[in-house]
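Engineer: So the sequence lines, in the order shown, correspond to chains A and B.
For the first sequence, the positions run 1 to 413 when the numbering used here is used.
For the second sequence, the positions run 1 to 405 when the numbering used here is used.
Hint data in this document are derived by calculation from the structure and do not stem from the laboratory.
Cβ coordinates follow ideal geometry from the N, Cα and C atoms, glycine included.
A few of these clues could be false.
To be verified - Some chain A residues near chain B, calculated using beta-carbon distances under 10 Å:
1. E154
2. T186
3. V190
4. E367
5. Q370
6. V382
7. I386
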Amino acid sequence: MSAGKVIGVVLLSGAAFAGGFSAQDLLRGNPPSSEAFTSLTSGGRKSKPTATEVFKKHHAFILANYDRKIEPEELKYAGLEGLFSSLGDPHTTYMPPKLAEAFALETRGDFGGIGARLSDDPLGAKIAIVFDDSPANRAGLKPSDTITHVDGREVNGMPVEDIVKLIRGKQGTQVQLVISRQNEPTPLRVRVTRDIVVLPTVESRMIGSNIAVIAVSQFSETTTAQFARAMQDALAENPNGIIIDMRSNPGGLLETAAEMISLFAGGKTVVIQKGRDATVETRSPMGNELKINVPVAILINEESASAAEIFSGVLRDYKKATLIGDHSYGKASVQTVQPLSDGSSMKITVAKYLLPSGEDISRRVDEEGQYLGGGIKPDILVPLEITPHTVLGEPGKDNQLDRAIDWVMNQRS
Amino acid sequence: MSNGGRSAIGFLAAFVVIGAAVAGLAVRNWIEVGGDPVPVATSSGLVASQGDTAPSDAALFHRLTLELEKRYVEPVKDKSVLGSGAVRGMIASLMDPDSTYYDKDQWAVVKARRQGKMQGIGADLTLVYDKAQIEKLQKSDATLDQILLIPDVYISWVAPGSPAEKAGLQPGDRISNVNGYWVMSGTEIDALRKKATLTGASKPSDAEVDQIRKRLDEIASKNMTPARAREKLTTGESGTVQIKYSRAGANHDATLSLALTEIKPVNLSSEGTHVQISEQAAKELTADLKVLDLRGTQNGEAGGLQALLQKIAGGEIYGRISRAAGGTARPLQGEGAPTPVTSLTVLVDRWTGSQAQILAQTLAVRGAKIQGTANGDARWVESVDLETGAGYTLATGQFKAEVAK
Numbered sequence: 001m002s003a004g005k006v007i008g009v010v011l012l013s014g015a016a017f018a019g020g021f022s023a024q025d026l027l028r029g030n031p032p033s034s035e036a037f038t039s040l041t042s043g044g045r046k047s048k049p050t051a052t053e054v055f056k057k058h059h060a061f062i063l064a065n066y067d068r069k070i071e072p073e074e075l076k077y078a079g080l081e082g083l084f085s086s087l088g089d090p091h092t093t094y095m096p097p098k099l100a101e102a103f104a105l106e107t108r109g110d111f112g113g114i115g116a117r118l119s120d121d122p123l124g125a126k127i128a129i130v131f132d133d134s135p136a137n138r139a140g141l142k143p144s145d146t147i148t149h150v151d152g153r154e155v156n157g158m159p160v161e162d163i164v165k166l167i168r169g170k171q172g173t174q175v176q177l178v179i180s181r182q183n184e185p186t187p188l189r190v191r192v193t194r195d196i197v198v199l200p201t202v203e204s205r206m207i208g209s210n211i212a213v214i215a216v217s218q219f220s221e222t223t224t225a226q227f228a229r230a231m232q233d234a235l236a237e238n239p240n241g242i243i244i245d246m247r248s249n250p251g252g253l254l255e256t257a258a259e260m261i262s263l264f265a266g267g268k269t270v271v272i273q274k275g276r277d278a279t280v281e282t283r284s285p286m287g288n289e290l291k292i293n294v295p296v297a298i299l300i301n302e303e304s305a306s307a308a309e310i311f312s313g314v315l316r317d318y319k320k321a322t323l324i325g326d327h328s329y330g331k332a333s334v335q336t337v338q339p340l341s342d343g344s345s346m347k348i349t350v351a352k353y354l355l356p357s358g359e360d361i362s363r364r365v366d367e368e369g370q371y372l373g374g375g376i377k378p379d380i381l382v383p384l385e386i387t388p389h390t391v392l393g394e395p396g397k398d399n400q401l402d403r404a405i406d407w408v409m410n411q412r413s
Numbered sequence: 001m002s003n004g005g006r007s008a009i010g011f012l013a014a015f016v017v018i019g020a021a022v023a024g025l026a027v028r029n030w031i032e033v034g035g036d037p038v039p040v041a042t043s044s045g046l047v048a049s050q051g052d053t054a055p056s057d058a059a060l061f062h063r064l065t066l067e068l069e070k071r072y073v074e075p076v077k078d079k080s081v082l083g084s085g086a087v088r089g090m091i092a093s094l095m096d097p098d099s100t101y102y103d104k105d106q107w108a109v110v111k112a113r114r115q116g117k118m119q120g121i122g123a124d125l126t127l128v129y130d131k132a133q134i135e136k137l138q139k140s141d142a143t144l145d146q147i148l149l150i151p152d153v154y155i156s157w158v159a160p161g162s163p164a165e166k167a168g169l170q171p172g173d174r175i176s177n178v179n180g181y182w183v184m185s186g187t188e189i190d191a192l193r194k195k196a197t198l199t200g201a202s203k204p205s206d207a208e209v210d211q212i213r214k215r216l217d218e219i220a221s222k223n224m225t226p227a228r229a230r231e232k233l234t235t236g237e238s239g240t241v242q243i244k245y246s247r248a249g250a251n252h253d254a255t256l257s258l259a260l261t262e263i264k265p266v267n268l269s270s271e272g273t274h275v276q277i278s279e280q281a282a283k284e285l286t287a288d289l290k291v292l293d294l295r296g297t298q299n300g301e302a303g304g305l306q307a308l309l310q311k312i313a314g315g316e317i318y319g320r321i322s323r324a325a326g327g328t329a330r331p332l333q334g335e336g337a338p339t340p341v342t343s344l345t346v347l348v349d350r351w352t353g354s355q356a357q358i359l360a361q362t363l364a365v366r367g368a369k370i371q372g373t374a375n376g377d378a379r380w381v382e383s384v385d386l387e388t389g390a391g392y393t394l395a396t397g398q399f400k401a402e403v404a405k
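Construct the complete structure from the given sequences, taking the supplied hints into account.
Structural biologist: Set out below in C-alpha cells:
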C-alpha cells in the first residue's frame, strides 16, 4: 500500500484507520508506536498540512487510542476552542453549545437571584451591595456579610462567578445560605426566596459633604437613560462635586459610552477604530450636553475595562474630569460576537481602538502574563488599601473614595 | 462562503429574539466592546448556514478557520499555530496529567532530554496532582474544588554534575518561587484559606485574616503556573535563575546557573544502575546487573520502554494493555530468549514515572526484588509528533504485567 493510498484512507475514516493500523502492529505483538504513525503521515507529503487536516487526523487518533472513552463531539469542540485561543488573544474565543447556552441563560428574563452584588473573599463571597427591595434585603442580608455555604456546599476558594451561579436559580425557588458576619460568634443560616432581579447598572446617592456618588457597573442598553437621570438629579442638589465610580466596570456597548460622553461633550471624537480594512471614527452625539460647573472625578481600577476606559479617558482628554485610583485594564480592542447554527458562539477581535489623543492603551504583559503597562493612568494614583474593614463605596472604609472626596473639597476651596 | 444577505441563524435566532424580548432588551447587531459576551441575533448575513443540519466536523472546523483568517484584526502570519492550537485544545480537554501537549520549543526540549541532553538546572521536575480532584474533574463532579486542581512542582531527580546538584537540590524539594514569581500551588492556597475559615476557638484574629488576605494578594499579583515554572527550570543553556524552595517545612533560596548537562543512557552510581528509558539503554544493559535504580526515572519514548521489556521477556508475553474505554486487553511480547532477573533488586520511589513502573512491575512478576514504593500508576504513554514541530504525550491504556506459568 503506497503512503498516498493509506493517507487517503486516513482522511476518509480516521478512527477505523487508527484501529486498523494498530491491528497490524498487534499481530506482531507490539503496541501501536508513535514513530510508525508519524512516519506514515510524513512520508510522501509534498506540502504542509492545513489546520483542518491536522485537526482531523489527531481528532481521529486521540479518539481511537486514548485510554478513557471520549465523546467525539466533545473532542471536536475542544479542538475548536483550541483553534480560537491559538491566536493568543484572550478575547478571541469559541464557546461550545453548552457553555453558550449557560451564558444565554443569564441574559434571559426568567432567572432568579437574591439581589446582591458579590465580591471575592477567601471565605467565600462577600456581599458588597444589597439592592433595595430585593430578596436579599428582605432576608436581612447586609453588605460585608460573607457567604460561606450555599445549599450546604462550602464555597470558599471558588471564583465568585461560580458562587453566583449556585445562588441563581428559578424564580420562586429557595436557596439556603450560611453567612459569616462580623461581631456574630456563630454563622447565620439564611433562607432566601429567589426573585427576578433586574440588575441596575447605575446606582447613585448623596454622601456627607454634599457630594454625589454615581456608580456605573457596566455599559448596557439601559445605562444611558439611567446615567442621564442620575446626573440630572445630582446636579439638581447643587453638589460640591460629582464622583463617578467606574471601578470593576468591565465595559459593554461602545454606543452607550458615546452617549454618556455626549452629556459632557457633544459632537466630539470618542474613539478611532482601526480594523483590518477600514478605520472608523466614532463621535458622541450632539445636543445632550448638560450644564456642569462642579468638579467631576472618576474612580478607576485595574478591572475597569473597555467602554469604562473609553468613557474615563475621553473625559480626561477633553478636560471634563479627573481620574483617581489605579490604572485601568488596557482593553483597547473591539470584538464581534456571532452565534452559530449548532448553538455554539464565537467572539473575534476585529479592530483595535485609539483614544482621541491617539493614545493606545493596550495592555502589555510579560511572558508570565503579568501586567507590565497599558491601561489609562489615573491623574491621582491611589492603590486600594485592603483591610478586613474595607467596603467599596463607603466613605471612611474605602481609601480611593476618600481621596476623591478630598480632591472634590479641595477644588471648592 | 455563507449565503449572502439574510443572517441564517434559524432556530437559535428565533429563540434568542424571544428570550431577549422577555428580558426587555432590543435585539440588534452589537459590536461588543469588552465585558462578557452576550449572544445576540444578527441582522447582517453572518456565519451560520441555512438548513441547520449539523455539518461534518472537519467542514465546520474548516469554515471557522476561514472566518478567523478573514476577520481577525491582524492577518494570521503563521497558519501552523491554528492546527497546533486545535490539538492543544483537544489534549487539554482530556484533563489527564499523563497526556500533555508541548509547543514546538518545549517539545524540542523534551526530545533532547530523552537523548540525555538536559537544559536548565539539570533536574527533572514533576507536577503532583491531587488524584481525587482529577477524578472529580473527569467525571464532571460538581463538588470539584478548582483550587485543589492546581498541582505542586517538585524536584523528582537530580542529574550528576548538574547545577541543581551543585546547589544541593534534592528529590522532594518543592519549588515555590522562580525569578520573583510565586509558583501557584493548590496545597498552599488551600492551607491559607482553611486557616482563614477556622471557627470557634481556633478562629483567626482580624490581623491574622488580614495577613492571609495579603499573602493571597501577593501570590495573585505576581505568579506563574506550575507548568511554566517547570519550563523555566528545564530550558536554556546560559544565564541564571533564582528560586525559592521548601524542604521539610523550611524555606530556602538559591541562585542556579542554566547549562547543558549530559547524561548517559546507563549510569553507574554507588547505589545502583540508573537508566534513561531508551532503546540505547536496552542495548547497553547486561544480564549481570545487580541493582537497577528506577528512582526518579522519567518517561522516555514508548519504543525505548518496549525495547527494555523485550530484552527482559524475550519471546514470552510480558503484559497486557487495557483501555478504560473498553475492548480486549492487548498482549505484548517480543522475541528471543528472556533474561533471568531473580537476582536483581529494583529501587523505586514516589518519583518513579509510569514507564519505569511498568518496567518494575514486569521485573517483579519475573522474580526481581522491589525496594521502595512507587505511586502505582502503570499507564502506557505514547508520544506523538505534530507536523508543526509541536508534540504531545497520550496515555493509551493501563499496563498489567504477566508471566507465563
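Engineer: Evaluate each hint against the coordinates.
Structural biologist: A quick look at each hint next to the structure:
1. E154: holds, 8 Å
2. T186: holds, 8 Å
3. V190: violated, 17 Å
4. E367: Result: holds, 8 Å to nearest chain B Cβ.
5. Q370: holds, 6 Å
6. V382: V382(A) check fails; min Cβ-Cβ to chain B is 16 Å, beyond 10 Å.
7. I386: Holds - the Cβ of I386(A) comes within 10 Å of chain B, reaching about 6 Å at its closest.
When each numbered hint is compared with the structure, violations occur for hints 3 and 6.
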